[in-house]
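Please put together the full structure from these sequences, using the hints given.
Going by my numbering, the first residue of the sequence shown is number 8, and it counts up by one from there.
Keep in mind that the hints were calculated from the coordinates and are not lab data. Yeah, the Cβ is synthetic: ideal placement off N, Cα and C, and Gly gets one too. Accuracy of the hints is not assured; some may be wrong.
What the hints assert, rightly or not - Computed list of lysine-lysine pairs in DSS-like fashion (alpha-carbon distance at most 30 Å, straight line):
1) LYS62 / LYS87
2) LYS62 / LYS131
3) LYS59 / LYS89
4) LYS67 / LYS131
5) LYS95 / LYS59
6) LYS67 / LYS95
7) LYS62 / LYS97
8) LYS67 / LYS97
9) LYS95 / LYS131
To be verified - So the derived label-pair ranges between C-beta atoms look like this:
10) ASN138 / GLU34: 37 to 45 Å
11) SER132 / TYR78: 23 to 31 Å
12) LYS131 / GLU33: 46 to 54 Å
13) GLY86 / SER30: 46 to 54 Å
14) ASN31 / THR122: 52 to 60 Å
15) SER30 / GLY156: 46 to 54 Å
16) SER102 / GLU137: 17 to 25 Å
17) LYS97 / VAL158: 17 to 25 Å
18) LYS131 / ARG75: 45 to 53 Å
19) GLU34 / ARG63: 42 to 50 Å
20) GLY109 / GLN66: 21 to 29 Å
21) ASP124 / GLN54: 20 to 28 Å
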Amino acid sequence: MKGKEIKLFDESELFGETIGLLSNLEESLDSLLDVFDDSRNEIRKRQALLPKEAKRLFQKGDHIAVMRLCYTHHGIYDGKGKVYEYNKGKVIHRSLESFASGDLLYLISDSARFTPDEIIRRAKSRLGEENYHLLWNNCVNFATWCRSGAVSYTH
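Written out as structure tokens, the structure reads:
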């Protein structure tokens, strides 16, 4: 085998295929990030508030949200510095500061079928409930139900 070079693989071909795979992976990740960003764009366009500011501007029965790293968490503001929400699988009533957990707060502009007092009465009626379901009975469903009686299946 003198004079013949044995090549086990074509390095340039392997490099080209690797670059192609990485490019496809980058495109897929970009698409996923676009979908994630699109689903949160409506909230991002709104004014972000710290809890202290929110207490002055939010009103009783408002649907509010806070953006976490990978999801948006929703609740109903009681007008007195506290929020009704699904937390760790249970409907609770806790401080706006605790709900925000260091993140900025947003007002969700959705239509309310009920008065602020009725919205709060509806939220209170579910205090202690432990029927959380990621898709069918989550924080968005809870807040939407309190305000309109309807259930939203998007999150």
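Verification of the supplied hints:
no., hint, verdict
1, LYS62 / LYS87, "8 Å, holds"
2, LYS62 / LYS131, "20 Å, holds"
3, LYS59 / LYS89, "12 Å, holds"
4, LYS67 / LYS131, "13 Å, holds"
5, LYS95 / LYS59, "25 Å, holds"
6, LYS67 / LYS95, "24 Å, holds"
7, LYS62 / LYS97, "24 Å, holds"
8, LYS67 / LYS97, "21 Å, holds"
9, LYS95 / LYS131, "17 Å, holds"
10, ASN138 / GLU34: 37 to 45 Å, "40 Å, holds"
11, SER132 / TYR78: 23 to 31 Å, "25 Å, holds"
12, LYS131 / GLU33: 46 to 54 Å, "49 Å, holds"
13, GLY86 / SER30: 46 to 54 Å, "52 Å, holds"
14, ASN31 / THR122: 52 to 60 Å, "53 Å, holds"
15, SER30 / GLY156: 46 to 54 Å, "49 Å, holds"
16, SER102 / GLU137: 17 to 25 Å, "21 Å, holds"
17, LYS97 / VAL158: 17 to 25 Å, "18 Å, holds"
18, LYS131 / ARG75: 45 to 53 Å, "25 Å, violated"
19, GLU34 / ARG63: 42 to 50 Å, "45 Å, holds"
20, GLY109 / GLN66: 21 to 29 Å, "23 Å, holds"
21, ASP124 / GLN54: 20 to 28 Å, "26 Å, holds"
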